[in-house]
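Undergrad: Let chain A serve as the given structure and place chain B with the ligands on it in line with the hints.
Taken in order, these protein sequences are the chains called A and B. Each residue of the first sequence is one higher than the last, beginning at 140 in this note's numbering. Each residue of the second sequence is one higher than the last, beginning at 4 in this note's numbering.
Think of the hints as simulated: they come from the structure by calculation, not from any bench. By construction, the Cβ of each residue, glycine as well, lies at the ideal position given by its N, Cα and C atoms.
Stretch-level coverage of chain A by chain B, calculated; a stretch enters the list once three of its residues show a Cβ under 8 Å from a Cβ in chain B:
hint, region
1, 195-205
2, 209-223
3, 234-248
4, 251-262
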Amino acid sequence: MNGLRTRRSLVDMIEIEHLTKRYGKKTAVDDLTFTVKPGVVTGFLGPNGAGKSTTMRAIVGLDAPTQGLARVNGKHYSEFRSPLTEVGALLEAKSVHAGRSAYKHLLALARTHGIPKTRVQEVIDLVGLHEVAGKRVGGFSLGMGQRLGIAVALLGDPAVLILDEPVNGLDPDGVKWIRLLLKGLAAEGRTVFLSSHLMSELAQTAEHLVVIGQGRLLADTTVEDFIAGDGKSRVRVVSPDAARLAEHLAGPGISIASPEKGVLEVSGTEAAVVGQAAAAHGLVLHELRTENGSLEDAFMQLTADAVEYRQTTEGANR
Amino acid sequence: MTAAVMTDRPAAYAPAGNYKLSAAGLLRSEWTKLWSLRSTWIVLLCAVVFAAGLGALISGTVPSDMEELSGAGMAIDFSMSGVALSSIFIAVLGILVITGEYSTGSIRSTISAAPKRLGVLWAKAAVFGAVVAALFAVMVFATFFLSQALLEGTGMGGVSLSDDGVLRALLGYVAMIVYLALLAIALGAILRNSAGSIGFYIGVIMILPQLATLLPWEWVSDVTPYAPGDVPMTTTLVDTANGTLGLGESWLWMGIWLVVFYGLAAVLLKRRDV
Ligand SMILES: Nc1ncnc2c1ncn2[C@@H]1O[C@H](COP(=O)(O)OP(=O)(O)OP(=O)(O)O)[C@@H](O)[C@H]1O
Ligand SMILES: [Mg+2]
Numbered sequence: 140m141n142g143l144r145t146r147r148s149l150v151d152m153i154e155i156e157h158l159t160k161r162y163g164k165k166t167a168v169d170d171l172t173f174t175v176k177p178g179v180v181t182g183f184l185g186p187n188g189a190g191k192s193t194t195m196r197a198i199v200g201l202d203a204p205t206q207g208l209a210r211v212n213g214k215h216y217s218e219f220r221s222p223l224t225e226v227g228a229l230l231e232a233k234s235v236h237a238g239r240s241a242y243k244h245l246l247a248l249a250r251t252h253g254i255p256k257t258r259v260q261e262v263i264d265l266v267g268l269h270e271v272a273g274k275r276v277g278g279f280s281l282g283m284g285q286r287l288g289i290a291v292a293l294l295g296d297p298a299v300l301i302l303d304e305p306v307n308g309l310d311p312d313g314v315k316w317i318r319l320l321l322k323g324l325a326a327e328g329r330t331v332f333l334s335s336h337l338m339s340e341l342a343q344t345a346e347h348l349v350v351i352g353q354g355r356l357l358a359d360t361t362v363e364d365f366i367a368g369d370g371k372s373r374v375r376v377v378s379p380d381a382a383r384l385a386e387h388l389a390g391p392g393i394s395i396a397s398p399e400k401g402v403l404e405v406s407g408t409e410a411a412v413v414g415q416a417a418a419a420h421g422l423v424l425h426e427l428r429t430e431n432g433s434l435e436d437a438f439m440q441l442t443a444d445a446v447e448y449r450q451t452t453e454g455a456n457r
Numbered sequence: 004m005t006a007a008v009m010t011d012r013p014a015a016y017a018p019a020g021n022y023k024l025s026a027a028g029l030l031r032s033e034w035t036k037l038w039s040l041r042s043t044w045i046v047l048l049c050a051v052v053f054a055a056g057l058g059a060l061i062s063g064t065v066p067s068d069m070e071e072l073s074g075a076g077m078a079i080d081f082s083m084s085g086v087a088l089s090s091i092f093i094a095v096l097g098i099l100v101i102t103g104e105y106s107t108g109s110i111r112s113t114i115s116a117a118p119k120r121l122g123v124l125w126a127k128a129a130v131f132g133a134v135v136a137a138l139f140a141v142m143v144f145a146t147f148f149l150s151q152a153l154l155e156g157t158g159m160g161g162v163s164l165s166d167d168g169v170l171r172a173l174l175g176y177v178a179m180i181v182y183l184a185l186l187a188i189a190l191g192a193i194l195r196n197s198a199g200s201i202g203f204y205i206g207v208i209m210i211l212p213q214l215a216t217l218l219p220w221e222w223v224s225d226v227t228p229y230a231p232g233d234v235p236m237t238t239t240l241v242d243t244a245n246g247t248l249g250l251g252e253s254w255l256w257m258g259i260w261l262v263v264f265y266g267l268a269a270v271l272l273k274r275r276d277v
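Same shape as in the complex, but just chain A (with noise of 0.2 Å):
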């Protein structure tokens, strides 16, 4: 029965090998590797300017890797027979005239792979634009356009959607529709693979998560590992000694930063553990605290000496 279905095997639907983009001197993105399964949503997540953008669009052809290459399902986009009804795209800028209507837009692309019109009026209806269909883009709210765009990637039915920052414009209302409809597309095998720079909207939505910073890759794992791992919790010590408590503190799977003069940030260990050493060696502390990090805080904290612009609130306050 469902013979077609099964027709392709768990193959990595998304496939990124060494992918390096420059556009003159600035490197965007810097040998990254990684691959999207099919089945979960799979996250991207990178502060401005980290390359996520630049990655979606090398997987769907439209900027050429300087080194690499990325795949679909085996193959280089531009090899596809019907590239709309293999990959779905939502790329981040509005791409559509904003001289044509919503449903001109949708079928001149349906036309080019013989789509018919009963499915432009279906995704239409689906992201629930069928009141302005007929009107000018240009006059488009940014949610709106959003949901023309959600529309477009969906008109060919794909297995693999590739969304940059999907609910970007979006209502309340909206980011809650399009959770569930990834997910409901995740759960029926297909490849869901969507950018965002906040780490909630992705910890509500996906299940897998790869992190790039600088155009390199930072983490590729589960969200749940994610959070585990990276925001786990830390000892934070404030003593007149640290520097010898660092000694007889450090050991295997034991890591210990020092974010300033006199204060320690043990990870891989317990504030008990910590005190002990320090009563063992006559060592004074002033301060022994365990600290829970966030997930906004493991993505920071991954991504602190990944940020492309920071900006500083000094100028601000003068």
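TA: Chain B with the ligands in isolation, oriented as in the chain A frame:
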């Protein structure tokens, strides 16, 4: 736990699979795109009104006692005097057909649907070329008959399609405007910017060759007939002996320039990021 999740994962989704990207699909898509923009209707209307209106106006105001204005060649020059202006509208529209996609970002949708890219260029050229050919085939002949009716009684009246060279010259006008329309599409594809392409078309293709003839060097006036905007000239003449190029040369050079422009446009379209 993890193992259970793994086996529960459904088989990869396979799309229905009866849709396919095709050349016919690309043509239909470009047809839909062309007519779904208001600017297409406005610009084509302007082109028609100027071509017919100017031809009629000029033909209708010829005094009957000016004997030096006579003959089929002169009659066609008069009736087609609006076509030159029309060709600017057509060229601008041709440029916008492609640069409009870049300025609005719709090129990303277009190329995602046709990632081999070149089919889009050919489809745009074919659809726009066909529309311009059909429109101007009607326009040119309608204007000719209209102006002949108005020129009745002057030295330029009484010209018929069966007169030597008349039909060929009128078809030459259609060919010229289609050629310029195709050139405009390729130019838009090369420069990708509306203002830049329109400026280049008017400045370099239309005006520069005329200005260049004022230069003191002889070789300049030897080469200007071969400029891309000037090569169709001979095809529009009733007496081709008056042309700077022979009739065959004129066709040959139109072909050469189209190959050059489309070759460059195709290479750049393939190589550049969208
Ligand atoms: N066409 C381009 N030309 C030059 N530089 C570019 C181009 N596209 C991207 N970049 C640069 O590459 C880097 C990565 O950009 P990209 O848009 O991929 O980041 P992003 O992760 O999508 O960021 P955001 O969260 O802000 O959308 C940025 O520094 C950007 O300035
Ligand atoms: Mg981006």
